[in-house]
Each structure stands twice: as structure tokens, then as C-alpha cells.
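Following the hints, put chain L in place on chain D, whose structure we already have.
There are 2 protein chains.
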Amino acid sequence: MSNLKNDRFLRALLKQPVDRTPVWMMRQAGRYLPEYRATREQAGSFLDLCKNTELACEVTMQPLRRYPMDAAILFSDILTIPDALGLGLYFEAGEGPRFHKTVRTEADLQGLNAFKAEDDLAYVMDAVKAIRSELNGSIPLIGFSGSPWTLATYMIEGGSSKDFARVKGMAYDQPELMHQLLALLADAVADYLSAQIRAGAQAVQIFDTWGGSLSAEAYKVFSLKYMQRIIAQLPKESDGRTVPVIVFTKNGGQWLSSIADCGAHCVGLDWTTDIGTARHQIGSKVALQGNMDPAILYASPKRIREEVATILESFGHGSGHVFNLGHGVTPGVDPDHVKAFVEAVVELSPAYHQAVSKA
Amino acid sequence: MSNLKNDRFLRALLKQPVDRTPVWMMRQAGRYLPEYRATREQAGSFLDLCKNTELACEVTMQPLRRYPMDAAILFSDILTIPDALGLGLYFEAGEGPRFHKTVRTEADLQGLNAFKAEDDLAYVMDAVKAIRSELNGSIPLIGFSGSPWTLATYMIEGGSSKDFARVKGMAYDQPELMHQLLALLADAVADYLSAQIRAGAQAVQIFDTWGGSLSAEAYKVFSLKYMQRIIAQLPKESDGRTVPVIVFTKNGGQWLSSIADCGAHCVGLDWTTDIGTARHQIGSKVALQGNMDPAILYASPKRIREEVATILESFGHGSGHVFNLGHGVTPGVDPDHVKAFVEAVVELSPAYHQAVSKA
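Here the protein sequences come in this chain order: D and L. Quick note on our numbering: the first sequence kicks off at 1 and runs consecutively. Quick note on our numbering: the second sequence kicks off at 1 and runs consecutively.
Everything hinted at is true.
Here are the simulated SDA-like pairs of lysine to any residue, each with C-alpha atoms no more than 25 Å apart in a straight line:
no.: 1; chain 1: L; residue 1: Lys162; chain 2: L; residue 2: Lys220
no.: 2; chain 1: D; residue 1: Lys129; chain 2: D; residue 2: Ile78
no.: 3; chain 1: D; residue 1: Lys302; chain 2: L; residue 2: Ala216
no.: 4; chain 1: D; residue 1: Lys225; chain 2: D; residue 2: Lys236
no.: 5; chain 1: L; residue 1: Lys302; chain 2: D; residue 2: Gln174
no.: 6; chain 1: L; residue 1: Lys225; chain 2: L; residue 2: Ser161
no.: 7; chain 1: L; residue 1: Lys220; chain 2: D; residue 2: Gly276
no.: 8; chain 1: D; residue 1: Lys250; chain 2: L; residue 2: Glu217
no.: 9; chain 1: L; residue 1: Lys302; chain 2: D; residue 2: Arg166
no.: 10; chain 1: L; residue 1: Lys162; chain 2: D; residue 2: Ser45
no.: 11; chain 1: L; residue 1: Lys162; chain 2: D; residue 2: Asp163
no.: 12; chain 1: D; residue 1: Lys162; chain 2: L; residue 2: Glu92
no.: 13; chain 1: L; residue 1: Lys220; chain 2: L; residue 2: Gln174
no.: 14; chain 1: D; residue 1: Lys5; chain 2: D; residue 2: Pro68
no.: 15; chain 1: D; residue 1: Lys250; chain 2: L; residue 2: Gln281
no.: 16; chain 1: L; residue 1: Lys302; chain 2: D; residue 2: Val221
no.: 17; chain 1: L; residue 1: Lys162; chain 2: D; residue 2: Arg305
no.: 18; chain 1: L; residue 1: Lys302; chain 2: D; residue 2: Leu177
no.: 19; chain 1: L; residue 1: Lys302; chain 2: D; residue 2: Gln180
no.: 20; chain 1: D; residue 1: Lys5; chain 2: D; residue 2: Glu237
no.: 21; chain 1: L; residue 1: Lys302; chain 2: D; residue 2: Pro175
no.: 22; chain 1: D; residue 1: Lys162; chain 2: L; residue 2: Gly94
Short derived list, chain L residues pointing at chain D, Cβ under 7 Å:
no.: 23; residue: Lys168
no.: 24; residue: Gly169
no.: 25; residue: Tyr172
no.: 26; residue: Ala299
no.: 27; residue: Ser300
no.: 28; residue: Arg303
Over 10 Å on every C-beta distance to chain D, these chain L residues come out as not near it, computed from the model:
no.: 29; residue: Glu237
no.: 30; residue: Gly316
no.: 31; residue: Leu348
If you're looking for bench data, these hints aren't it; they were derived computationally from the structure. Yeah, the Cβ is synthetic: ideal placement off N, Cα and C, and Gly gets one too.
For reference, chain D alone in the conformation it holds in the complex (with noise of 0.2 Å):
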């Protein structure tokens, strides 16, 4: 059993009960932080930060010396997969990430390197292990992964896409070369997610950023199904603990019923939801994680703290709920008002967790 000081993150997880809700936000590490673009700057290129084990280090400990956050994210992209399969992830300026190769054909699907996660990423078992001796038993460390179908999308458009083109025409026109390449990745991810377990990650998110693109039907049949096989494949324990798994899809929120089935110990869910609604209908299976929308930070102190207090309200009483934003938090954002999101959430949580916090 590890010795955390605050393990508040992986209890509400498991819906054990906490003495107020925890919180964290998607993107904690990241440009809103004056002293990020400086360690980004010192680091070279996005793709540099994330391979260098100590600057890696240094920006996921940047917000946790602002905010009480109740957990950690590695650092790291969601791409780094397809770039170890040998497509050669690059960033340009306002353009997003970028692969020099593309999988289109069979004989691209045939021509990816082998891959063995602890191998091929060590930068990234590295990156955990340095975090996890920071952190020092302080807070837990979340590893994270792209989702197969997410992790496809860029594969296969070679970047950012706006209408999904390619990666719709090949999942509509040739399943059975999409179904090769989706189980691939889900046995890539699930070896990936494995070694930052035993790296030390204390729970793992998947984030399924374009699986809210596809239809109902192709969604079950292209993202969700391969999310449960990684699933399947993670190891359920580490150091005695249950290693919780969020499953985060974006605009998924026509699927909760099908996504709370897949496995996962929690479902992040985006601002469109009403998490009220969204208890209702799975919170006896998962715990939810999320939501206020991003752009609530460009608001001021008082109204983030109205709107923080609105979706506790709507939560309700009991654990079962990591706050979080429901996407990433954006550039443009001053570090004071997330200092009013998360104080919000320490100051006005511990009320719907009473039944603990008096006894």
C-alpha cells in the first residue's frame, strides 16, 4: 500500500468516501502558465519538453506549486505512439501536430516499427518515475493515453482534420483494414498504459478526443470498443491499490449509457452534460469526472465561483465526482482565476460530503 498523503483523487474514483470533492484540470501544465512558456522556451521544441526527463519534471510540478490540486498529469502528448510506430510526429506553428507518414494502405499498416512500450517510450517511464520521486507520496500521478480512434484520426490524415475525410473513408470503405490498424493500437496502448503503471502512474485516463465525431453506431463499433479492450488488458492493481481508469470522450454525451459499460472506473464527461442528469443515469456504475466549461476562466473570480457551485449543486450530495474542467484549460487564461476555480471547489465541496467530514 502506498503511502499518499492525499489520495482524495483515487478514492472519489472508486466512490469511497472523501472529505470533499477532489480536483484537477486537463491541460494543468500547460501555456496559461507564465513559468511553462519559459521552461517550453528553454526546452526547445513541444516534442524536446516531453523527452526531457527533468523539464518534463519541472511543468507537471508548476501547477501543483499554485494550486492544492488533488492530482498529477504526466507530461507528455497523446501522439507519442504513432511517433514510435515510425511516422515521425512534428509540430508547426498554429498548425497542430503533424506526422511525416501516413497509414492509408495495407502495406503502410504492414510497415509500422514493432512496439514495446518501455522500449520504444522510455522517455516516458522516465518522465513518470521522476514525477512520482517529486511528488514524494504527496498526491497521486495520472498516465494518460490517446485512444485508438483518436490516435487513427492522426495516423491517417497525417494531422488536425476538420471534416475526418480520410479516416471515415477508410472505416466506412475498408473496416476491415480500420479494424487491423484500430486493434494494433489498442494492444499498443494497453502495453503503453501497463509500463506507466508499473512506471507508477496511479491511475490512467484515455482520452478519446475524436470519438465524438463519428455517428452513434460507428462510435460503439470504432472507439468504444477498442477503449474496453485496453481495458481488458490493464493490470488492476498496483502496490496494493486499485488503479482507477477514466475514459474521457469528447462530445460523447449521447453515449454514457454505453460508455459507463466499457470498464473504466470513471467517465469524464464535457460541459455540454448535465452532470445532475448524468448521475442519474450512470452514477451507480462510475464516477463521473468533469465539467465546468473552459471558457467559465475568461469570466470573472465571482461567476467561476457561481458556476463551480452550481455543478456541485447539480452533482449532489455523496463521492463519486473528480471537478474538473470539461476540456482542457486554454492559453488565454489568467492563473489567477484558476486559482478561483480551485479554491472554489476546496471551499464550497466539503458541504456535500458531510456524513464524512463530521465524523
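Relative to chain D, chain L alone:
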């Protein structure tokens, strides 16, 4: 009573019996057609094309010459009103719509031009009349407008936006100012759509492109409420026939039961919603329009036909369905694939309306 040769579109919107499911396509007069690109080049800018009665009429007719569509839609832009209010609409290559001026303060709001659709957007009414004359009673003509929230996002941001920082900042921090702007826009849209109906539009659609970027609660307060305000002001009839109203909120699938209560005759669905589930939920109140993923048009004609069959089967028997894509057709689509799509609806849908076709 107008003498429409083909009125199955209008009948389906009112859930009256039809011989087959009517079909049209959002953005059916668009860049995927070589003849559109030629006319566009001839016209000059996109806005020049909208303002040229003859050419706007020409591009409206182009898809009808190729495909047996059951409705025509006015060729125009969703941002004509903000342009007429004085913001100065222009288009930059690859950047989407932009405005020279923005609305961010009470003074900006006060500085907007007075607006009377028949005078200030006379070119739109001219296009409606010309298209009606050219259609000559063959199929009905749809008028349209952007929703108040959607217009407001462009007016406040000054163009397209990824995170809606400014518009949401105003909505959350200065709700009174936002409500003033939205009320002004709702009344302008109501005037605009009423003028289109007087000029000859036989149905109208409100495009709520960005309502789906809001939280569940904010959607009701900032978007849906103002569409309701518009619908309440529209003429109920024209030429002795009901003028049906279609509301389409992209990414609104989680809020269907609220949307079905807004007074519209038909709710547009994007492809992330299962149309069978939606019919079960709100089909007793409203007709449904949609909802094939436009990306399926990149797949083979065989696969397109299968998807049409799946959607028809999901909706099931009886009237109340207008077949469409779940969003606008994209520029890279092969016109022959659109043919496969429309023909599949024409050929496969009569089986779902047999009580009528046998009569």
C-alpha cells in the same frame, strides 16, 4: 393554396402522409459542384455572389438540375444580418467570415444600424422572388437565418472562434448586455424570416451552428430561448399553407426534449444522434430532419446506400422524416456520390410509406 407539384417536403415537416421520404442537403448549392465553382468565379467574392440576384438564383438551381431534391434552399450567408447592422462582413481565404467591427460594449450595441429586413436586405428578398419564379411551383423553397446566439458569436469574436472566449466571457460576466444583444438579434431574425416568407419562402430553417458549444443550462438561456422568441413572431401561414419552421442546433443531441418544445415543427439532427432514439424521444411532437454523416459521402456509393438504408430503418415507418445530412456537404465530395445518396433515399424510402403508396 399554392400549386406545388411536389410538396412532400412540406407534408413530411407536418407529419402528413407522403409517398416517400423527402430529401435535400444542407449546402447543396456549394463548392463540391464544378458548375458552382465556375459561377462563383464569375461573381467575384462569396458576398458578391449572394448579392447578385441572377447568379444567386443560378447556384440555387444547379443541384436541382442534377438530383431529384425535394426542396431548394435560398443561396445566402448566415451573417447577412450582422453585415446589415453595420459590422462589415468580409471573407478571408482559409479564415472563414470576418467582421471589420465587433460588438463588445454597450456603446458598440448602441452604435448598430437600425434594421428593417425588406429595406436593408432587399437583395435577399430579390433572390427569394427570383428563385420562386424560376422554381415555378416544382418544389418548395426554404428560407433561413443564423440563430441569435450564432450571430452573436461572430459579432463579438469578430469571426470564427475555437474557444469562444470573448462571447462566453460576455455571457457569463455581462449577462444583461448579452441578453440585450440577443433580444435585438432575435427580433431582427424574426423580421428577416418574416420578410423571406412574404417574398416567397415556404419553410424556414434556423441554423444554430454554435449553440452546441454551450453548457446544458446556458444553451437554454442564451440560445434556445431566443429561437423561441423568433418562432413566436413568424407568420403561421403563407398562400393558405402552414410555413413550417426547422431548428437545427449542431451538437444539440443531448437537449432534444427542450428543443422539441421551442415551437418549431421540425428538429434537425446531426449524425451523432441515433434518429430512432430521437424519434422515440420527441417524434410525437415534431418531425425530424437528418442525419447522415457528411463524411460518408467520401465512402463508396455502395456504402452510402447502406447507410441511407440504416437511417431509414432506424427512423422506421410513417411520415415525419426529412432526409438530409447531419451538416453541410463538404467541398471535397464527388458529385456522383451525392447522386448515390439522393437516389438511395428515392429508391429505398417508399417501403416505409406503403400505406400511402398502395392507396
